[in-house]
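Protein sequences appear in the order of chains A and B.
Using this note's numbering, you'd call the opening residue of the first sequence number 674 and step up by one each time.
Using this note's numbering, you'd call the opening residue of the second sequence number 440 and step up by one each time.
Take the hints with a grain of salt, since some may be wrong.
Listed next, with one range per pair, are the computed distances between beta-carbon atoms [what the hints assert, rightly or not]:
id : chain 1 : residue 1 : chain 2 : residue 2 : range
1  : B       : Lys1388   : A       : Val995    : 46 to 56 Å
2  : B       : Arg546    : A       : Thr844    : 53 to 63 Å
3  : B       : Gly1179   : A       : Ala806    : 40 to 50 Å
4  : A       : Thr844    : B       : Leu506    : 48 to 58 Å
5  : A       : Ala806    : B       : Glu537    : 47 to 57 Å
6  : A       : Leu899    : B       : Ala514    : 54 to 64 Å
7  : A       : Val1084   : B       : Lys1355   : 31 to 41 Å
8  : A       : Trp1025   : B       : Thr1173   : 14 to 24 Å
9  : A       : Phe1051   : B       : Thr1173   : 35 to 45 Å
10 : B       : Leu506    : A       : Asn870    : 30 to 40 Å
11 : B       : Lys1355   : A       : Val995    : 50 to 60 Å
12 : B       : Glu1215   : A       : Val995    : 32 to 42 Å
13 : B       : Val1304   : A       : Val1084   : 25 to 35 Å
From chain A, some residues computed to sit far from chain B (all C-beta separations above 12 Å) [unchecked claim]:
id : residue
14 : Leu851
15 : Arg896
16 : Ala1026
Think of the hints as simulated: they come from the structure by calculation, not from any bench.
All of these numbers come straight from a predicted model, not from anything done at the bench.
Don't be surprised by glycine CBs; every beta carbon is placed ideally from N, CA and C.
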Amino acid sequence: MGASYVNAEAGETELLPDVSSINQVTESVCRVTEQPAPKGWWMLFVPSLALLGLLIACIGYLVTVGTGTWGNNSPVAWAWDITNFVWWIGIGHAGTLISAVLFLFRQKWRTSINRFAEAMTIFAVMCAGIYPALHTGRPWFDYYMFPLPNQMQMWPNFKSPLMWDIFAVSTYFTISLLFWYTGLIPDLATLRDRSKNTFRRAVYGFFALGWRGSNRHWQHYERAYLILAAISTPLVLSVHSIVSFDFATSVIYGWHTTIFPPYFVAGAVFSGFALVMTLLLVTRSVFKLYDLVTLKHLELMNKFILGTAWLVGYAYAMEFFVAWYSGNEYEQFVFLNNRLNPFEAPYWWSYWAMVICNVIIPQVYWWKRMRTSIPVMFVVSIFVNIGMWFERFVIIVTSLHRDFLPSAWGVFHPTWVDICMYLGTFGLFMSAFLLFIRWIPMIAIAEVKMVLPFAQPQHAPAVVLSEELQDAHAQKTALAAG
Amino acid sequence: MSRRKPSVLPTTPVPGPKVWRSLDEKRLSLEEVAVEAATEQAVLLDAADLKKRPAAEEATLSRRNFLFAGGATGAAVSLGACIRRPEAYFAPYAQAPEELTPGTPLRFATVLDRNGDVFPVEVETHGARPTKVEGNAAHPWSRGATNLYAQGAVLDLYDPDRLQSVRSQKDARGETGPAAVEKAREQLATWGIEARRGEGRGLGIMLPPVASPAVVSLIKRIKASLPQALIVRFAPLHDESVLEGTKVAFGARRRPVYSLEEARVLVSFGADLVGDEWAGVRSTKGISQSRRLGSAKDTPPRLYVVESDFSLTGAYADHRLARSDASALSVLLALAAALERHLDESLGLSEVPEGLALDPEAAAWVPLLAEDLAANKGRTLVATGRRLPAWAHALAARINEALGNIGKVVSYLGATGVEALDEVATTATVSKSDVDAVKRWVFLDTDPLASSALGSVIGDALNEADVEGFALSFHATATSEKCDWAVPLSHDFEAWGDALLPDGAYAVRQPLIEPLWSSLSLVEGLAALAGVTEHPRNIVWAESQRLLQVPLGGDALWRKLLARGVVYVPLVKPELAVDAAAVAKSIAAGSAKLAGREANGSLDAVFVADPRMISAQSANNPWLLELPHPMTKVSWSNPVSIGVADAQRLGLSDGDIVNVTRGAVSVEAAVAVCPGVAKGSVALSMGWALAPKGRYGSGHGFNFTPLRESDLSWCTRVVLEPTGLRRKLARTQTQNTMEGRPIAIDATLDEYRKTPNFPAWRSVEFSTGPLWKEIEYKGHRWGMVIDLNACTGCNTCTVACQAENNIPVVGEKEIARGRDMSWIRIDRYFVGDDENQPGVALQPVGCQHCEIAPCENVCPVNATVHSPEGTNDMAYNRCIGTRYCMNNCPYKVRRFNYLDWHGRDAGNDGVPETKKMQFNPDVTVRMRGVMEKCSYCIQRVEAGKKRAKLDKRPLADGDITPACAQACPAEAIVFGDLNDPRSRVARQAAVDRRYKLLAELGTKPRTSYLGRIRHVNPALVKPKSQDAAHTSRGLITPQALKRKQEGRA
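If we strip away everything but chain B, and leave its shape as in the complex, we get (with noise of 0.2 Å):
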């Protein structure tokens, strides 16, 4: 806007006017115009004086000035409510990198090591950035599986409030940048340098215990280098009763590895096969194997369990008995007396105490168990889980290999990693005058200050002046908090690494994506307090050939390693025999302590996994923290779970705060009524609350570990002391029974043997004609068929769904509001009369891609629609979202926005930039107001026939997997063409126990489900309650067909 002057008259006189109106005015003096021109400067004079006069004369506007102001005013408003768009530029490539099209994304083979639980993965990266994680097919411990915590881990990698500057002082604000991290490094190199001149007197590490041979050279190094140093191994949830147990029967730490596929029986005491038990991707492709029946004519396996907490492979299991975990010891030592008959050999239990009564149901149980195995050696298993003591782990040996079942079912191979290593102290063998001789301590991806029972005499020995603390720390913790170093920790999937499994799987793990953040990597930080200065590849690649035992010279092999991820490498075929003799003298040892226990009023409290929180890593983790969890159903919370006769008894229901005690320590946490959780026992989970500043973790959950009397000890004596306060937990499902409706259907395996159809009698096929002409499907007609035999409920289908899909989280409110976003949900019912030891029922459920969708005619803007091959389309642009597809869904898989959820981020403002690097660009992002839902991962169907036209050949069974399927550790979930009468699909769908969900109202979904089989011993099965038992209303037996007659009549 150009300002024009105000037209402002001449300053000197003027001879005479210019315009006259008359002649008399023209004759004017000159004086006169003279004087006229000097009036009017006087009055610019002034003008020009304004500043100088009082303000209450300035107020006096001219219209000019007015419109001149009012309009740079109106200009400057409308320009600040315009919205600038931060200037970002495109950086095209001058030279394109080779491999890389735009648009087509790359995977690469690395791999992931929880506390020595290794996950070999696959990466999709897109423009380099790390989407999406699959198992590695090539890896027969993932076979392309994977859980929940590979599908968090990119997420992890992305999390906004991951440690990023390094502090070298308490207090100090953090440094980034590569110069930081490389002081931090040279501060490390420093105390290892000072250190070893007093042989590393003073010098604490602590380390997580991963399986890397690369960690342990270093560690070897740093030993040799400072046999004074204290170097410690820590994970909050350890296998080292397992290592301690083993050690015991076979002189050596050793891992049990199963392979269930070969089982016929299994009894597990409190071993979470299928969930979060070391190796649990292996365990349930084996046992899932076996229970994915072709046909009646199959036989899956029989599994027993017996736990305090309600575990996956207790919803699994085809007999539970809840019971606390010192129970569960008694039914073990009774079972092995069994066996001792039934085998006639002894397994030690001369030294046993008396005493060690069952109650009548246990007591029952015993002999058929001890008949079942002994009637199937050698294809059996006794599994004992991580929170039994080690004498029970070698008890459990001895049987198996009594029972023949070692080199079977179950090897026992000797552990790798950390956990193997004599020279590593555990925290529970640090005392507290180690603890205070450590006068450098350097915490290498561990938090002992939140999660270990030495936390607290650490944390004192910190507060001390002459302490100094190094933390290398993923978040900022309440550890790397009282440290003076904070240095960030790389993720797995930006650092060198590698990994190896007992049976002689090596993996190596390669960076996908440079540091997001300057850190180093454990291995960096291990080697510059060993004084080592090479590369991490170096490192890595020099252990590779070291344990190949081949020269990897050439590039080429090296980089078909990378390209693999996996190789086996030669190990020593360890001895199978077990120690008798040390076993009978540890069980005599360990089951004296079992006779003194009474209970006084108090419970039993058992620490936990966390399925979700399964690493620290995953702390802030949103995907993690709003999965519910399998059993409760709580979202972004961690209650304590009490059975239904404990928590009448204490007069506690769902959402009260109470106190939970042990001596002088308490801490205040939710309660969640969980029927199935044994009587006299709560289940606190761990892994929750270690983010304090992460803006997703931080506020929700329960850190418990202060309860915990030391890091082995896995049960503790604890009271519950309602607070009188409550609050209302974040549940995905309310309604814990199907009502008698024909929804998750099981039968018994006699019942399945003579009808085999049985599903299909109680979901009836819908028999009314159609009344015009259906469509046909002549090309592709994609299908899906669940497993209901196979699936665990483990939920990694609802994790890998979201990050495939951009799935947004919502956020506890909104999650108790029931506006959860999952695409796939897993629904869990319990079944049976008895509340205290209910059956389970899990289905994962989906869009069923109905041919006649309801959803479809009611759209008014034709949203959502058939597409020729026959799934149920969203078109995102068109929809306005007046959810009445939403409402005519009669299987509630439809998820609407509303509200901006990613905007949102859960409660937060704005989406993370770090967080939108996940997102998937094959995929939509929704905004508000838009209904969403599966669409069959419709991304994955387009580009597998882009693939298979672009090879010039036709579409092949398997060509295409939605992320679902391919994350399914259990293989339930199948995909494929049901018009290929070969294909995977097609032949799971002409299986006898299918039906398809409420199938009576017509719409013909394209998802059908197989029927779980509960393979029952007919002896354990009370004849009072057979149906109830195991199915609730939920099957028509003769017993139930008879009594509702009854009823009827």
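Bound conformation, chain A alone (with noise of 0.2 Å):
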């Protein structure tokens, strides 16, 4: 890739320390695909299947009696539906971030992550998809927000903030799946060309698009990347503002203020680097990609969650400014006792457990020893995950709750069909995400081999890289010998 090979720096070879081979790249990826899966995976695989079920079931359960087995009521009508939307989509974001902006950016450790961030996107997005398509009260009429000519002379209301989101997650989809799967091609030909049985080999020679790896073909294919890469750049900033743009267009106190784009955007890069943290950590000891993935990446993303802790932390303090310095006492009751007191409101707790996931526990990545911990990172990543959740529930519920009219205020329970749907959308996530992991390479192989030290062109070719790069030498050496 035009991106990896510019710079053959002494730094970059310490990327992958370990790895002392391309093929090595191939085998440990291939391998994963290739061989049984391991308990590790069955163990996972299993409970995530019945969590699917219940997801199911749930669903089932919700469009035949209706929108009331969830606790939503006046004045929250929306609680958990919309909380649990946000933060899949935010989660998503990380994948386009690390794929698409590190990639403009030229950012070389993505190569490991990226594949396996990209995947986590899709699925994220699946998952959040539910809860808008579900969350009305009639949804097999959730065709009336596409403009579909019709009969009725039905026009959606291009207005309505609803609409936009419509437009922005299934562009955002749409692109990622795209370059997600452009990145597969190459590699899903490497595991075509290793396929030892027939089925195999149809199936992934059908997904790699006849993909031969000769000169032109990477020359489109790295053309098309790029493309994608650029659109999906400005996706990163617009999917999550045009979320954000849902309450902040609104009259609602709370969600009425115009720093929503930019940090629900920091807040949605914040959780997705958690998560990816939370699932690397898990696949990484699962499947031994030690010399893929290593400290230094893992390091790296800690970094990213420490700059966006401070972002949204930012974007906290500056409600707080705002309310105050607005002079409005609706805005400023929402701060201040809505959010913030404990003796006065039944949220707070809520308000205070984000502040302590988002804000104050990733602080400790101030230390080094603390950034290069896996256990340390594994749990503040399982804190931001939740801090990040209760952000979007004190933003849509504490500001609903209590209004503007005292006598219209009222509290929200959850119920168990918000709980297990919950639940169930990680059924869903995992499930797919546990597939992805065992049939397609987790694992960018063509790209990560292309910033590893062997592949530049100053390196003598003393190591095969490839079986096409070798065939491609050996014609070469041929030609010239001829």
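Can you join these two chains into the complex? Each is in its own frame, and there are hints to help.
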């Protein structure tokens, strides 16, 4: 890839010091899909599948009986549904950020984790999509939201941020999927070429789109990848900005604030990195990928987490400043009473949980020892995920439950359907994710190879690169001899 | 599916193969063919013998049979899965009845009567189904307004758990149909005939104190032929002490009839004038008339209230003193004494015992009250509530006479109906021996076992083998269950009857629908006993003729009377002079008892009317059950109301279950802390848990009747013992204060005069100019103005809206979850610093129909849109239920069908067929998943426009009235075209104290409010907390401003 071998500096060889040959990359990644699944995989997959079943059952119940099976009420018309939606969408952001933005910024360390993060994006957006689709009272009429010409002369309301959401999220999903798939093509071809049975070869071959690794293929591929990265990059900013418009454009204090778009994006990146971290640590140890995902990768990610923690912390502080500076009593009430006040507000604990998880706990990453300690980073990543869930809960529920007219105030309590559906989305996410790591190269083989020192032109071809390159090299030599 | 026959080989030997593959085969001998055929046949025979084979061998199923069976099963399963709708047929009119245009409702005048409280109504019927009750505009006591009872009556009619069958023996199965009812009627007639032999000895009749002249005549007839029969009138909420008090004062039972529009100063001692007190609608109409101030030049009346519970009148008051009923009597006596000095006239207090000390606050009140009353002679009122003893009513009459109010603000007019009859006993005067003498009980629309203190005595009597009971009952009640005969009672909308009010307003009740289940009316029941065989219509007709003193010979006059529903009949004008000596004697006797009272750690329990459960017929009415109590805001229950101080002292909090104990009697009930209930008092509201078999009512609320010493007792001493259990109260409003926000804005009269537009200073209009060209509404511009100074918070609008707009009920559990569906709700805020004696601010809130509606731009599917006339409309068909609009509504008036509310029907399965009959066909019945809200009764708007168009005239102001405005007895809600400068709404919108709710948001609501004015007595306002006493943080007063500045500095 153009990005990879422009600067073959000494610093970059340190990226994967334990990789001694190009073939080692192919071997260790492809091995996962070719050998029987390890016990750990099954131990995760079976409960995930059970949770997926729970999700399907809950959805059936929800659609049959109604939205009232959730705890939503008046004034809290959105609660866990939209909280979970925003949370899942936010998680997806790390994938796009790592694959597209870091790609454009030539951050070579991303190659070990980008595939992984992109897959996470796709599955997280799938989980997120469930909520807006099913939070409606009559989900069978959801298609009214699409601008489909019809005999009833109905047309959606393009002034509604929910409409923007539909376009933003569906665009995001499509582009992410394309980006992910494009990146997969050379690796699928590798798997095809290594296949030992016809079926496997046929399936991988089908998805490899006839990739032969020719120079022209590589040129087209890299151009496409670059274009998709360029399209994805603004999406990182736009999707969560638009999701935040659902709140920012409303009249409800606690929602109605201009800081939301950057605040949401920072939060999304923050939570996305945290979930990548959680999953990466597990996968790395289950599939023994220590040489490809090194401590250096993890430390870099932790630095990101620390940085974004400060960004969200700044946003939290800014909200209070604006509430004070605006002189608006309703807005001040939302922040000082609904969120902060442990004596009067029923949800004060959620605000404090958010601050502790998102701002205070990540501060441990100021110390290198903490940044490089696997148990610490695992625990912190879990806390950040919890904190970011609470952030969305705080924004949505605490703003709604006590708004303008005190007569209409009320409290929301989740029902078992709320809880089971949320657990169920984990089932969907994990099932999809486990299938992905089992059957698809979870690390971008081709890209990792490109950042290896052996792949650089100044290296003598002492080490055999890969089969394709080997062939090319042989041809070249033959041509030179001829 | 046709079943193909399996190809059976011929059973007879065939001469040879018809088909051959080779010549050899063709040459096969005939013998061989025969052998082959025989084998085939043997196989077939075996097949026929299958049944005889052992079961194990049957298991071999042929492919064909398998497919056949599988197909059949599949077909059966898929058929079963299909919803087969019940077959129903339209019965088209062969000859359409005149006057009936399908789709156009008809209106009939009739009259409701709840224990003598008369509600003249007009009922809208669609295809002969009564669907909506309105007040009878022709009747001066209603002028088109209604109350909760009248609004709920139409649902009572369709109550699915009404008694539907006649049961002639205990524990027997009921029979339905006219024949069964005829049998019951014959039974009553037989009892009547048999009783006549013994001059009525052994016969007991219990009936409610209705105001029906027809009933009175029948009772007189019965009494004439059965002089020894025991006839008892009974209502749990009665006005016997009022009647007794007026009897002392005037020598005959009189009703105080108020004309409150004349009053300048009113003092109420526990009289819920604008609430459940007799003729509450009339009183509300009167007082609200002078409270709807047109400008700061007008002066509203000043209302003082002394009461123990927190009633609507207490909330309406300018000054309220929360004192127990006993203390209220002391205040009354002290006031009378003060007035004696002011008026220099004896009010008969010479023998009042000394030592009725008043607490300092009350003592400060008395001289000021007396001064105020004396200064406004002839334009004042001293009103006493039904809970006070007779002598208090007599004293009030004497005070009113001395103040010159009689004939102006109050007239004491002769009681009408059953309560005027001396020959009818009350449950309080009936002794155990009287009950024991009765061998045959006839309970007409009364349920003494559940709601009378005499209930246990009667219940014991009914247990005796030789005592028979006959109950004409609306529900299966405690009483009807104990009787041999339980016979369904007709609803007022199914029956003939009449009602006479003390001022001579006579209303005729006509049936609007055939009885849904064969039943008898009160008139029919009494007629059977009296041996009158005439049709009830003729009985009423004859009664009308007698009262009108005009021959009703022709049909025309009678029809006119029925159509109008009301006529004034000449009555003898009663003498209005008070017998001062009798009053003095009565005061002396009554007040003597007062002195001996002492507290011993127990509480005064006062039995109060629950504004929702005024009639036992409503005990299973889900609209009224779900309606929140105006003060506690608890729905689906009637917890014990207790003041803040007592609750703290006893360590009780909301929802605690306590044992309310009087002596050996104990009732387990929940507690609701209600600021403003007098210290030392708890309020027990009556009328709940009276329909034990009702699917809505049973299991909700508490029946406090056992705590009552006698039916005349309104107050008893009880002890509350916490049980340690708790129960979540289903409240529709959980926050009691305004949090200092400018919401329900009020001011004192002085402040109003200084700053007439005071609310606009608090709820400041959005001042930034529009970003784009605003829509001009050139045609109609519908709007609504709600006068907070007139609104009493009675909730009638809420139920009227529910009836008009097919709003579902959700049940207690869902209310507790915060999913109430009312399109217009009454917000109640407590104001003031004193938790024990707070003020109250009430505010009806429905959709504000914002011109710049936050709900509209967030809906992704354009389901809520603006009409060219500026109303914010819902397109239910388009709504997919994202609830974004609900979130973005600053007023939180949008209601979401979280579940299939109609289908669930408050926790029951399916809407009962009868309840469906109430649905208004002009309004969609919303399905689950759809948002709904106030539409300004768009169906009425369109109908009004259509009518005007058909009449070829411009739409006039008043052609269109939404259900809430129409029902409002205080005329607080005015609706109309803001573009028409002469319309009432435009004039109201021009009133200086108008403001828009949350105006600063710039939503430009079409509904606006007129701030409440508290006509406080400056001498009674403590300077220290002037702003706090009346408005809490709700008003900027100079003091408050100063304090605020000091606080900031």
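Query raised in the report: Out of the numbered hints, which ones does the structure contradict?
Result: none
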